[in-house]
Amino acid sequence: AQRVTQPEKLLSVFKGAPVELKCNYSYSGSPELFWYVQYSRQRLQLLLRHISRESIKGFTADLNKGETSFHLKKPFAQEEDSAMYYCALKNTGNQFYFGTGTSLTVIP
Amino acid sequence: DTGVSQNPRHKITKRGQNVTFRCDPISEHNRLYWYRQTLGQGPEFLTYFQNEAQLEKSRLLSDRFSAERPKGSFSTLEIQRTEQGDSAMYLCASSSSRYNEQFFGPGTRLTVL
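Read top to bottom, the protein sequences are chains A and B.
So the first sequence is numbered by my numbering: it starts at 26 and just counts up by one.
So the second sequence is numbered by my numbering: it starts at 1226 and just counts up by one.
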């Protein structure tokens, strides 16, 4: 069975500090992993996906199959990064499984 | 095209009533997803369409839930004989099979009294 775990419900960091949002998954097949973000009063939107291997808004995430993790990282947090972040896994049947989310607050 | 739209945005109903929600995807998107989200949880997959075909349906979905996507355009999600446990945000998302990036709608918040 597929499962996505985000161990931190709340995370607070100071502006300019590094931030890491943790995501672990379980899936027997070859997963596609995504990070979605929801800013206050806005819709859920895609932040990045592992197959693109790109940096969006300074965020990166590396898929570690050995540790079954897909942690989201940013070296210097900004106030506008404050949002709800969801890690998601897509299986081969095009079903998406989301974690419970981490609420990030960047303190000025 | 202003993105994925959902109607109504809010629905309050009494237990036992039937409700229907509508989702209009981005016009060129052939894939459409329905999710349910309760407080403190992430979106929970309900069902998925590719064009008009319903390809996947969550095992968690009871027989009271049904979804359609006639002609592969808009979709409706119906809940029959609503229960208080059905109270949640119902999200719709669409994507193209080429890029697979999901675009979410604003959601329909259902409250069952």
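If you're looking for bench data, these hints aren't it; they were derived computationally from the structure.
Don't take every hint at face value.
[Said to hold, decoys possible] Interface residues of chain B toward chain A, partial, derived using beta-carbon atoms under 7 Å: (1) Glu1308; (2) Ser1312; (3) Glu1326.
[To be verified] Restricting the straight-line Cα-Cα distance to at most 16 Å, the calculated cross-link-like pairs of lysine to aspartate or glutamate (EDC-like) are: (4) Lys115/A / Glu1281/B; (5) Lys1236/B / Glu1253/B; (6) Lys40/A / Asp87/A; (7) Lys40/A / Glu79/A; (8) Lys34/A / Glu57/A; (9) Lys1236/B / Glu1303/B; (10) Lys115/A / Glu1303/B; (11) Lys82/A / Glu57/A; (12) Lys115/A / Glu1253/B.
Just so it is clear, CB atoms sit at the ideal spot from N, CA and C, and this is done for glycine as well.
Hint by hint, here is what the structure shows:
At about 23 Å, the closest approach between the beta carbon of Glu1308/B and any beta carbon in chain A exceeds 7 Å, and the interface hint on this residue is violated. Hint status for Ser1312/B relative to chain A: violated, with the closest Cβ pair at about 18 Å, above 7 Å. Checking Glu1326/B against chain A: minimum C-beta separation of about 5 Å stays under 7 Å; hint holds. For the hint linking Lys115/A to Glu1281/B, the alpha-carbon distance of about 13 Å falls within 16 Å, and the restraint holds.
Restraint check for Lys1236/B and Glu1253/B: the C-alpha separation of about 28 Å exceeds 16 Å, so the hint is violated. Under the criterion of a C-alpha separation no larger than 16 Å, the hint pairing Lys40/A with Asp87/A is inconsistent with the structure, at around 23 Å. The suggested pairing of Lys40/A with Glu79/A is violated, with an alpha-carbon distance near 23 Å, which exceeds 16 Å. A C-alpha spacing of about 23 Å is found between Lys34/A and Glu57/A, which places the hinted pair above 16 Å, so the restraint is violated.
The suggested pairing of Lys1236/B with Glu1303/B holds, with an alpha-carbon distance near 13 Å, which does not exceed 16 Å. Annotation: proposed proximity of Lys115/A to Glu1303/B is violated, straight-line Cα distance about 25 Å (limit 16 Å). For the hint pairing Lys82/A with Glu57/A, the CA-to-CA distance comes to about 21 Å; that exceeds 16 Å, so the pair is violated. Of the supplied pair hints, the one linking Lys115/A and Glu1253/B is violated, its CA atoms being roughly 21 Å apart against a limit of 16 Å.
The structure is inconsistent with the numbered hints 1, 2, 5, 6, 7, 8, 10, 11 and 12, although it conforms to all the rest.
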